[in-house]
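Modelling step: build the complete structure from the supplied sequences, incorporating the hints.
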Amino acid sequence: MNDFTMVLGAWVATGLTLCIFSFLYEDNPLFKMAEHLYIGVTIGYSLTSLIFNSMGPNIYEPLKAGRLLPILPTLLGLGFLTRFFPKWSWLSRISFAFVMGYSSGLTIPTAIVSQFLKQLEGTVYPLLTRKQGLLDFSLPALGHDFTVLVLVVGLLSVLIYFFFSVEHKGPVKAASKVGIYFIMVYLGAAFGTTVMGRFSLLYGRLFDLYTYRGAKYHYATPVLLVLVVLFLVVYDAKYKKPADAA
Amino acid sequence: MKASTLFSITMAALLLAPPAARAAAAKPAGKAAPTAAAKPAPAASALSAVQGLAADDMPYDAGSEVLISWKAMPYDAPAVKYTVHLSSISRDGPWAQGAVFPSDTKYRADIDLPFWAWKKTKDRHAVALNLETAFGVDDEVGKKRLRGSVIYAKVVASDGTSEAASPAVSALATSDWFSLPKLNNFVFTLLFCCIVLWFISNARKKDLFMRRIPGLDAVEDAIGRATEMGRPIYFLTGRLDIDSISTIASSLILGEIAKRIAQYDTQLKVPHTYAMTMAVCQEITKQAYSEAGRPDAYREDINFFITEDQFAYTAAVNGMMVREKPAACFYMGYYYAESLLLTEVGASVGAIQIAGSDAEHQLPFFFITCDYTLIGEELYAAGAYLSRDPVLVGTLRGQDTGKAFVMLAIFAGVILATCGVLFGFEHGVQTFLEVFKSY
Amino acid sequence: MKRFLEGLANVDRRILFLLVVVVILVPIMHPLALPGLKVTDSVRGVYDQIEKLPPRSTIAISFDFDPASKPELYPMALAVTRHAFKKDLKVIGMNLWITGTGLADEILTAAAAEHGKRYGEDYVFLGWQPSPIAVITGVFTDIYKIFSKDQKGNDTRALPVMKGFRSFQQLDYFVELGAGSPGLPHWVQYGADKFKIKMGGGCTAVSEPGYRPYYPVQITGLIPAMKGAAEYESLIGKPDKAYAGLDAISLGHFLILLALAMCNLIPVLTRFTK
Amino acid sequence: MVFAKKTLPLIVCFVMGTLVAIQYYVPHRLSQSFIEELSHWEIIIAAFAFFLGLVSVMQVHIGKLRRRPPGWGFSLFLFAGIIIGVATGFISRGKQISETGAMTPFGWMYNNMLNPLQGTMFCLLGFYIVSAAYRAFKVRSKEAAVLLMVAVLFIFARVPLGQYLWESVWGSTLPWQLHQIVEWIMNTPAKAAGRGILIGVSLGAVATSVKIIAGIERQYMGGKD
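Order-wise, the sequence lines are chains U, B, A and Y. In this text, residue positions in the first sequence follow the working numbering: the first is 3, and each later residue adds one. In this text, residue positions in the second sequence follow the working numbering: the first is 4, and each later residue adds one. In this text, residue positions in the third sequence follow the working numbering: the first is 1392, and each later residue adds one. In this text, residue positions in the fourth sequence follow the working numbering: the first is 100, and each later residue adds one.
These aren't lab readings, by the way, just hints derived from the structure by calculation. Be a bit skeptical, because a hint or two may be false.
Estimated spans, in silico, between C-beta atoms of each pair [stated by the list, open to error]: (1) U:G58 <-> B:D113: 17 to 25 Å; (2) U:G124 <-> Y:G172: 51 to 59 Å; (3) B:G227 <-> A:V1413: 40 to 48 Å; (4) B:E223 <-> A:G1601: 39 to 47 Å; (5) Y:E266 <-> B:G227: 50 to 58 Å; (6) Y:W275 <-> A:P1521: 45 to 53 Å; (7) Y:E266 <-> A:V1412: 29 to 37 Å; (8) A:V1412 <-> Y:K105: 54 to 62 Å.
Computed cross-link-like contacts, DMTMM-like style, restricted to lysine to aspartate or glutamate with a CA-CA straight-line distance of at most 20 Å [to be verified]: (9) U:K133 <-> B:D374; (10) U:K120 <-> B:E363; (11) A:K1587 <-> B:D220; (12) Y:K237 <-> A:D1457; (13) Y:K241 <-> B:D304; (14) B:K123 <-> B:E429; (15) U:K171 <-> Y:E242; (16) U:K89 <-> B:E303; (17) B:K328 <-> A:D1403; (18) A:K1429 <-> Y:E242; (19) U:K66 <-> Y:E282; (20) Y:K237 <-> B:D374; (21) U:K120 <-> B:D115; (22) B:K328 <-> U:D29; (23) U:K240 <-> U:E28; (24) U:K218 <-> A:E1497; (25) B:K440 <-> U:E123; (26) A:K1543 <-> A:D1584; (27) A:K1429 <-> Y:E282; (28) U:K179 <-> Y:E136; (29) Y:K163 <-> B:E303; (30) B:K328 <-> U:E28; (31) U:K34 <-> B:E311; (32) A:K1543 <-> U:D5; (33) B:K109 <-> A:D1584; (34) Y:K163 <-> B:D79; (35) B:K146 <-> Y:E135; (36) U:K171 <-> B:D220; (37) U:K218 <-> A:D1496; (38) B:K209 <-> U:E169; (39) U:K179 <-> B:D115; (40) B:K146 <-> Y:E136.
If you're wondering where the values come from, they're calculated on a predicted model, not measured in any experiment. Just so you know, even glycine gets a beta-carbon here, dropped at the ideal spot from N, CA and C.
Structure, rendered in C-alpha cells:
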C-alpha cells in the first residue's frame, strides 16, 4: 500500500466518520449522504461476497469439477425468485419449507441441551453442606447454602412470572412479583456490564480520529472537522425554519 | 444402584437403542501379555509395566477417538507419570505422544458420561484420545487415512528415574449409530413434543384462560394515536432471519397488528434486514389486510428491504424516523447492539414505543427507553394474546406444562440433594441427577 | 432556581453529547493516570515470565487480531513487545489472522525502533500462512517448513536471529494475543499443552470468561483487554494508550452515574423548590 | 396440482425437520457428513434470497429517481455505493488481501469505508447510553429502583476508579469487597433470572419448531391457493 492510498483512506474514513457523527447534532444532508452511501456499499459488498465467497466455491467450482449435487440447492434457491412470477410463485414455498424445516430441526435438540438441561444442571444443589462427615454450619458454608437458596428461589419465581395460563393473584401473584425483582436485578447487571464495551468502542473511534490529525495524514481530521462544522452552520442559517429550533 | 439399572433398562428398551453392554467395563485385550516388562528392572523401587492394558473403540463417537484403559497400579502416585503413546503404523512405532498425566488421575470414573451409558469405577485408568489431535492431522487426506487404520497404543510409567513400557495393544476406531449419553435429551424432547401436540389438538375444544400482558393492551392506544396524528407506524422484526423463533413470533404479531391498522387509514412501515423475512411478512401483511376486509388498502411497499448490514440498516431506520416522525414504533424479535440506537432516536421524535425481545442482553435498554417491554417468553405469547387463536393458546399451555415440569424437577431435585447431604447418600443423588445433565 | 431546574430537566441532548466527547477526548490528548489501578496476578503472570528471562533468550508473539479489535489488543501488544525488547530478548513475531498482518508489522517496527533493535538480528516477523492448526503444529515441529520466507521475503533460515532455532519447542516463552478464533484455545491445545512450553495470553473482554479456566495451569498469565493492558503498561513503567483508554472509560462511567443521578434528583428538587 | 402447491412443501418441511433433529443423536460419520452437506445447501439456498432484497431496494430507489420526490438525489449516493462495492469487489475477485499480502481495492474499500461507517454507527451508542440514562432512567416504581441500584453498583465496580473510591470511603469496614458483591449478584440473583428467561425461551423455541415441522404453523407459506 503506497502513501497516496493510505492518505486517501484516512481522508475518506475521517470524512465518513464525521458525517455520521453530524447526526448527533441534527439530521442533515451530510448524514443523509453517508447513510445512503453506506447502504449502497453494504449491498455491493454483500453481492460481491455472495458471488465470490459463496456461489463461487459452493456452486461453480464443484460443478466445474463434475460434482452435480449442488444443482439441487441451486434449484431450491432459484425457487425464491419465482415470487416475481405469480403463476409459478408457489414453487418458492418448497424453498421456504426446506429452510424452515432445516432450522426447526436444528433448534429442537440444541435448545433442549444448551438452554434447558444446561440451565437445569447448574441449579440443583443441596441446601446444606457437609464437611468431614458433619453438617457444616460455619459462616462460609452457610453463605454457600444461602447462595443456593437464592438461586433456586429466583429461578422458580421467574418461571412463575412466565406462567401464562394461570391468573396472577394470591400466592401466584406474590411469587411472580418476586420473579420481577429478580428480572430487574438481571437487567441492572446487564446494563452495568454493557457500558464498558460501548465506551471502549467510542474511545477507539475517537482515537482513530485523533491519529488522523497529524501531518502524516495531511491534517485530515482538523480540515474535515472545520468543513463539516461550516457546512452545518450554513445549512442551519439557510434552510432551517425558526420553528424547528431547540 | 438398583434404581439406576432399572432406569437405564427402561430407557434403552423404550428406544431399541444398541445395547448398553458395549459401554460396560472394557474387556482386556487378548493379545496383550500383561506381565511382560519391557526393560530389565534396575532397582527395588523400579516400576513395573502397567497391567491389563486394553485399547478399544471409544463408544458413542464418530470414530475419531480410541479408549485406552489399564488397571490401577499399586504405585499410582502424583510423582509417577503415565505417558500414552499411539501409532498408526505398527506395534513398534513410530510413536506419537497421546497424553501425559500423573498416575493417580484419569480413572474410568473421571470420564464424564452418565450412569446409563458408562460404568464409573476407580479400578481402571481410562483415557479417550482424539486421533486427529494426537497425530496432529489437519488435512482431509490425513484424516481419511487415519479412519481406516489400526491404532497401536502403549503406556509408559515413569517416576523420573526409571520407566517401564507396556507391550503394545491395538484397536480400530469405529463410528456409532446412537449416542446413548444423549438418551435423556431424546426422551425429554419426545415428551415435550407430545405434550405440545396434545395441547394443540385439545385446544379447539374449550376456551383457555390467558393472563394479561400489560404491554399488549397499549397496542390499541398506539394505533389510535397514530391515526389521530396522521403519522406512520413502524414495525421492526429484529436482526435474525425468518428461520429463527424470535422472528417467527414477531411475524405473528405483525399479522395481528396489521389487521388492526388496516381498519384505519394509517400507514404501516416494515423495514427489513433479511429478504426471506421480508417475503414472508409480505404474505402475512397481505393476508391480514384481506382478513380485516381492506385488501384495497394493502400496498406491496409496506414491507421493504434495506440491507443486511446491521448498522447500515440502523442508520437508514434512524434517518427515516427523524424525517417521518412515526407516532408508534414496535420492536419485536431478536436484537443486538442496535436496540438502543433505534429506541433513543424513536424516543427523541416522540413515538410510543413497544418492544418485545428474547435477546436477554438487550432487554435492559428496551426496558429503560420504551414505554412497554415484553420480556423473553412474553414475545412468543404475544401472538396468542392478540389473536386468541386456539392453536397458539394451546401451544402456550404446552409450554406452561413444560415449565411446571421444570419447576417440579428443580424443587424435587433440591430436596433430594439436601436429603442426600442430611442422610449421607450424596453419591446416589449425584448419580441420579445425571438424568438432568447434558452430554 | 426553579427555572434553572426545569431547564436542566429539558436540557438539549446535544449538550450531553458534547460532554461525552470531552470526557473521552481529554484522556486521549493527555493520559490522566487516574488512581485505583491494581495489577492482578494473571497479568503479572505474563510479566514475570518475561522479566526473569536472561538476555538473548527467544520469545515468540502471535498477533491474532484484526483492526476491529484494535482498541482492545493493540495497546497490550505494544506493551508486551516493548517489554521483550527492553529485556534484550530475541523476538519472533507471526500472526494467524490475515487481516491483522499490517497491524502486527506496525507494532513490531514501532517497538523495535524505540529500543534501537534491528530487523533480522534482534527480531523477525514471519507473517501469515493459511490453515491455522497446521501452522501451529508446523511451527512446533519444523518452523522452516511453514515459514521458509519471512513477511519481507527473506530466507528465514539465513537470518541471524534464527540461528540454531528449529522449532517453537525451543522457545523460552510464548505469548498469544488473540481476539477470537483461531486464537488462544488453539495455541494451548495444539501447541503449549502438547509440546510442554510455557505460554501466556491476552484477549478481548468478551472472551475473557471463556479463557479464564486455562489460567494458571495451561497458561502462566492472561491479559484481559484494555484493563489488562493498562496494568501491563504500569508494570513496565510506560503509561500509554491503554492507560488513556482506561481513563476515558472511567470518566465515561462516571458521566453515566452523573446522568443517572440528575435524572432522578431533578424531579425531587423541583418538587422541593415548589 | 394441489398436492404440489400445498402438500409437497409440508412434506419437505417435515422430512427435513425430522432428519435434522434425529441427526443430533446419531454420532456416526455418515450423519456428520449429512448435516455438513445440508448446512452447505442452506447457505446456497439462502444466498439466492438476497436477490429478493436487491430487487426490493432497486424498486424503491429507481422509483424515487423516476418520481423525483424531495431528497431523491440521495438515491444517487446509494447507487454510487453499490457501484463502488461491486466494482472494487470484482477487480479484487472478492479478496481483501492479494496473494502477495498487499491490500486490494476491495480491502481498501472495506477498511476505509465500511469499517469506519460501521464503527461510527456502533459507537454512537456511547452517546445514546448517556442520553438514555439522563432522560429515561427514572425511578417510577420499586422494581425500577432495584434496576437502578444494581446498575449503579455495576457501573461503579467496572472501573478501577470506582473501586478506588469505594475502598477509600468504606475502607476495610465491610466484610466484602465491591468486586465480590458484584460477582455474587452476577452469579446468583442475576443468573437465576437469566436462567428463568432462557428456560422459558427454550421451551417456546422447541414448541414453535415442533409446530413448524408438524405443519401446524405454516404462515411462512403465505396466503390462500
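Quick rundown of the hints versus the structure:
no.	hint	result
1	U:G58 <-> B:D113: 17 to 25 Å	47 Å, violated
2	U:G124 <-> Y:G172: 51 to 59 Å	57 Å, holds
3	B:G227 <-> A:V1413: 40 to 48 Å	43 Å, holds
4	B:E223 <-> A:G1601: 39 to 47 Å	46 Å, holds
5	Y:E266 <-> B:G227: 50 to 58 Å	54 Å, holds
6	Y:W275 <-> A:P1521: 45 to 53 Å	50 Å, holds
7	Y:E266 <-> A:V1412: 29 to 37 Å	30 Å, holds
8	A:V1412 <-> Y:K105: 54 to 62 Å	59 Å, holds
9	U:K133 <-> B:D374	51 Å, violated
10	U:K120 <-> B:E363	17 Å, holds
11	A:K1587 <-> B:D220	63 Å, violated
12	Y:K237 <-> A:D1457	40 Å, violated
13	Y:K241 <-> B:D304	44 Å, violated
14	B:K123 <-> B:E429	16 Å, holds
15	U:K171 <-> Y:E242	18 Å, holds
16	U:K89 <-> B:E303	17 Å, holds
17	B:K328 <-> A:D1403	18 Å, holds
18	A:K1429 <-> Y:E242	35 Å, violated
19	U:K66 <-> Y:E282	57 Å, violated
20	Y:K237 <-> B:D374	12 Å, holds
21	U:K120 <-> B:D115	15 Å, holds
22	B:K328 <-> U:D29	12 Å, holds
23	U:K240 <-> U:E28	15 Å, holds
24	U:K218 <-> A:E1497	15 Å, holds
25	B:K440 <-> U:E123	5 Å, holds
26	A:K1543 <-> A:D1584	31 Å, violated
27	A:K1429 <-> Y:E282	18 Å, holds
28	U:K179 <-> Y:E136	48 Å, violated
29	Y:K163 <-> B:E303	16 Å, holds
30	B:K328 <-> U:E28	14 Å, holds
31	U:K34 <-> B:E311	19 Å, holds
32	A:K1543 <-> U:D5	18 Å, holds
33	B:K109 <-> A:D1584	17 Å, holds
34	Y:K163 <-> B:D79	80 Å, violated
35	B:K146 <-> Y:E135	16 Å, holds
36	U:K171 <-> B:D220	19 Å, holds
37	U:K218 <-> A:D1496	18 Å, holds
38	B:K209 <-> U:E169	17 Å, holds
39	U:K179 <-> B:D115	39 Å, violated
40	B:K146 <-> Y:E136	18 Å, holds
Checked against the numbered hints above, the structure violates hints 1, 9, 11, 12, 13, 18, 19, 26, 28, 34, 39; every other hint is satisfied.
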